[in-house]
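Residue numbers (my numbering), protein chains in the order written: chain W, 100 to 215; chain U, 100 to 215; chain V, 100 to 215.
Note that these hints are calculated values from the structure, not bench results.
Possibly wrong hints are sitting among the right ones.
[What the hints assert, rightly or not] Lysine to any residue pairs mimicking SDA-like chemistry, simulated, CA-CA at most 25 Å apart: (1) K110/W to A199/W; (2) K158/U to V214/W; (3) K215/V to K110/W.
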Amino acid sequence: MSTIIRHAGSKILSGAVEANGMVYVAGTVADRLPATVRAQTEEILAKIDALLAAAGSSKSKIVSAQIWVADIRLRDEMNEAWLAWVDPHNLPARACVQAALANPQMLVEIAVTAVK
Amino acid sequence: MSTIIRHAGSKILSGAVEANGMVYVAGTVADRLPATVRAQTEEILAKIDALLAAAGSSKSKIVSAQIWVADIRLRDEMNEAWLAWVDPHNLPARACVQAALANPQMLVEIAVTAVK
Amino acid sequence: MSTIIRHAGSKILSGAVEANGMVYVAGTVADRLPATVRAQTEEILAKIDALLAAAGSSKSKIVSAQIWVADIRLRDEMNEAWLAWVDPHNLPARACVQAALANPQMLVEIAVTAVK
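Just need the whole structure built from these sequences, with the hints factored in.
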């Protein structure tokens with residue numbers, strides 16, 4: 100049987116789950132609110148770095164990313180923080196759409212899947 | 100070549116697909132409508148139990164879940180049904196955002212990925 | 100270490116990523132705009148065919164699909180193009196919800212995951 104390793108659990112979810120050579124990172128939001136979408140994206144990407152490291156992976160091994168922005172017009176500013184962070188030689192498949200998030204101060208949420 | 104096994108097909112999709120040691124469960128909605136978001140979530144989670152069982156998996160082996168609620172203010176009530184259902188020692192990575200669903204009576208839709 | 104192969108990169112994302120026997124295709128949109136949701140869906144599905152072929156896969160090996168429509172009332176017309184395209188003996192798990200997309204002329208966006 101395949102081993103499943105779970106990280107950074109809250110009461111309702113795990114922050115990241117390792118299984119079958121992959122790492123599944125939960126939809127991640129900023130804790131420091133209110134903040135600009137750029138600052139929120141930077142905080143989220145730092146949290147994703149830490150979750151991937153805890154699971155033995157890294158941003159260079161991300162295969163896909165899902166990004167939700169609270170207003171699609173925030174996409175360009177979010178993308179500036181994204182571009183400053185991603186490994187340009189190892190870009191994930193990505194989708195970015197608009198969605199209302201759990202708290203109206205949250206402007207962006209990001210989930211990723213990576214190879215371990 | 101990897102074997103792909105498909106379950107519970109409709110005309111447009113499969114309810115669940117097994118491949119490479121994983122089970123991919125489609126975005127699942129309630130059939131009993133109208134109903135409260137709590138009742139819809141309970142019905143959906145029972146359907147997911149059945150789909151996972153058909154594919155040789157279970158809720159304790161879910162690695163990630165995507166939840167869409169028709170109004171983000173329904174998240175707390177959905178979470179009560181979620182918390183009553185999940186295996187607290189094996190919580191999935193999860194994302195929950197707001198989205199309009201196929202039928203205005205549908206208040207919640209859930210998709211999951213599990214280890215087989 | 101698992102090899103990761105990336106296809107059709109732009110400045111911010113890869114169009115498709117191969118890893119661990121799977122192919123992850125990015126959220127894909129139409130280039131020919133404005134156009135009906137049917138025409139956009141047809142263009143997107145042709146792009147997905149090409150991305151899957153480049154990664155050594157095909158539509159018959161898709162395990163899951165995520166579809167976003169800019170207005171949920173466009174779902175029926177999108178589904179007509181979907182039904183004309185999918186392999187009826189190998190239907191993916193699928194979720195389709197409403198979301199505002201990057202450009203207001205974009206009426207549909209589709210991401211898929213396939214076995215290689």
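Structure-based check of each hint:
Under the criterion of a C-alpha separation no larger than 25 Å, the hint pairing K110/W with A199/W is consistent with the structure, at around 22 Å. Between K158/U and V214/W the CA atoms are separated by roughly 23 Å; this keeps the pair inside 25 Å, and the hint holds. The hinted pair formed by K215/V and K110/W fails the criterion: a straight-line CA distance of about 36 Å is larger than 25 Å.
This entry does not satisfy hint 3, going by the numbered hints stated previously; all others are met.
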